[in-house]
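Could you build all of it, start to finish, from the sequences and the hints given here?
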Amino acid sequence: MSSETTTAGDTLEAPSGERVIRWVTPAYNEEASIADLIDRMAEVSAEQGWRYEIIVVDDGSADATGEIAGAKAAEYPVTVLRNEPNAGLGRTIRRGLRAAADLSGPHDLIVTLDADLTQDPGWVPSMLARLDQGDADVVIASRYRRGARVEGLSAYRTMLSFCAGALVLLVRPIDGVRDYSCGFRLYRASTVRDAFERYGDDFVSEKGFACMVEIAERLRGFADFAEVPFVLRYDAKRKESAIKIGPTIRAYFRVIARVAATVRKPVRWATLVSAFLSIALGAFAQRALAGGVAGLGSGATAIPTLVAAAARPEVAVGLGLYVVSAVLWLGVLSRIDLAVAYPLGGTGYAFGVLLAVFAGESVSPGRWFGFALIVLGAAVVSYLGVSPNKGALA
Amino acid sequence: MSIYSLVEALATVALVIVGQTLLKRGMTIVGPIGRKPLQAPGRLLLDMASRWELWVGSALYGFSAAAWLLALSTAGPRIAYPFLVLSYFGVALTATVVLRERLTPAQWLGVFLLIAGVAVVTLTA
Chain H
1 MSSETTTAGD TLEAPSGERV IRWVTPAYNE EASIADLIDR MAEVSAEQGW RYEIIVVDDG
61 SADATGEIAG AKAAEYPVTV LRNEPNAGLG RTIRRGLRAA ADLSGPHDLI VTLDADLTQD
121 PGWVPSMLAR LDQGDADVVI ASRYRRGARV EGLSAYRTML SFCAGALVLL VRPIDGVRDY
181 SCGFRLYRAS TVRDAFERYG DDFVSEKGFA CMVEIAERLR GFADFAEVPF VLRYDAKRKE
241 SAIKIGPTIR AYFRVIARVA ATVRKPVRWA TLVSAFLSIA LGAFAQRALA GGVAGLGSGA
301 TAIPTLVAAA ARPEVAVGLG LYVVSAVLWL GVLSRIDLAV AYPLGGTGYA FGVLLAVFAG
361 ESVSPGRWFG FALIVLGAAV VSYLGVSPNK GALA
Chain E
1001 MSIYSLVEAL ATVALVIVGQ TLLKRGMTIV GPIGRKPLQA PGRLLLDMAS RWELWVGSAL
1061 YGFSAAAWLL ALSTAGPRIA YPFLVLSYFG VALTATVVLR ERLTPAQWLG VFLLIAGVAV
1121 VTLTA
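Line by line, the protein sequences are chains H and E. Sequential numbering of the first sequence, starting at 1, is according to the working numbering. Sequential numbering of the second sequence, starting at 1001, is according to the working numbering.
One or more hints might be untrue.
Stated by the list, open to error - Incomplete in silico selection of chain E near chain H, CB under 10 Å:
hint, residue
1, A1049
2, T1094
3, Q1107
4, V1121
FYI, nobody ran anything at the bench for these hints, they're computed from the structure. For each residue, glycine too, the CB sits at the ideal point set by N, CA and C.
Structure below.
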């Protein structure tokens, strides 16, 4: 259970037409940083002339984070929510997003950022400028855009982090996103509200650091993403990093697998069976045809060769199987993408290897290797797809 | 390999690419075939018969089979099969460009694994 301590600062009377920017920062044992962060958020907001509110979600800190943040309410519009006990980054960010979305009008915006000063609020104006170009609902401050840098992280950890990101992108690309896991983001409040309406608390169900990947995945279907570069300042951190890279990468993939399973339109069994039946019949047909044309010579002219071929029974059987195979194929094409379905036809050759085994022919190790490549390739092509970016959740 | 069989093999690949793309386009317009459309087979056949893409696609499919037969008989399977492999890549690429389908980078890797596998299996036959 969590208890809530709300400290209202200046009351916000949002005049019509003027949007409010809500800063949401999850904080766990950040007493060394939280006061400076709040000052900085207020400073940037004032410079830009924004109407703003700061929501600090104190995740059951054992130190004075909550008290320090609460005291800032005397100076700025600060609200402190407190989880008791500690509930993890995922629950914390979810609570902050929900609170901000509930307070927001249709044109309001929500910024999320870490409380440890590694993500400077001074980047938000450039994120906002990008959002105001009108083609994005979420703008991510990205480590992987021209001009971005990471300061104060060892080369080893930078590389690990980069590889984790590249791996995720290889499997689950989202248009406009390179930095899948960075938590420094600007959202249209309406987008966040839509996501809560759609998913409820499942919008962010991951407890740990992987919640950022989960949020991106959940928004895949109905939000447009864009990125701007920023400088991630690990050197500004005032306490040791708590992130363990190995478990975090594993969590990324757990999240992707889980979200993908709920979001993806499953391929029906009937479709899969039709596809493989069509491919297998095609493979039979080819065997029959290859047998039928064997020994017809080097065919100087096309027509006599075809006529001679058509007279052979193997060829007639082969062509008949082709027709059945083609009819099944039309059914398959009506249900799955051609770019996925057609390469799957290669499994016909793996099927041919199995036929050879059943026919008692010996199969060389090289052929088995080819067989394995085909099966692996087919599995990758069929399972590692994404639903189309637009309308996936419609 | 003679120029003649090279032309046949390349023609097969081109016919397959155009034919499959048209068939997919036609079936996308007809809509997913499932229990409901199959309960009204007359209607379904009429829908399909009214798509020129399916007619032309099927014809090209037939031509590609004929071209394939010729290539097999003139060049022999050892030379003809590797060309068939080209068609996997060609169809996937055309589908992403013309039909706006999406393959993830991992899926492209899968396509190349499949192609490599088919090449190995057919060349070690």
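Hint check results:
no.	hint	result
1	A1049	violated, 12 Å
2	T1094	holds, 8 Å
3	Q1107	holds, 5 Å
4	V1121	holds, 4 Å
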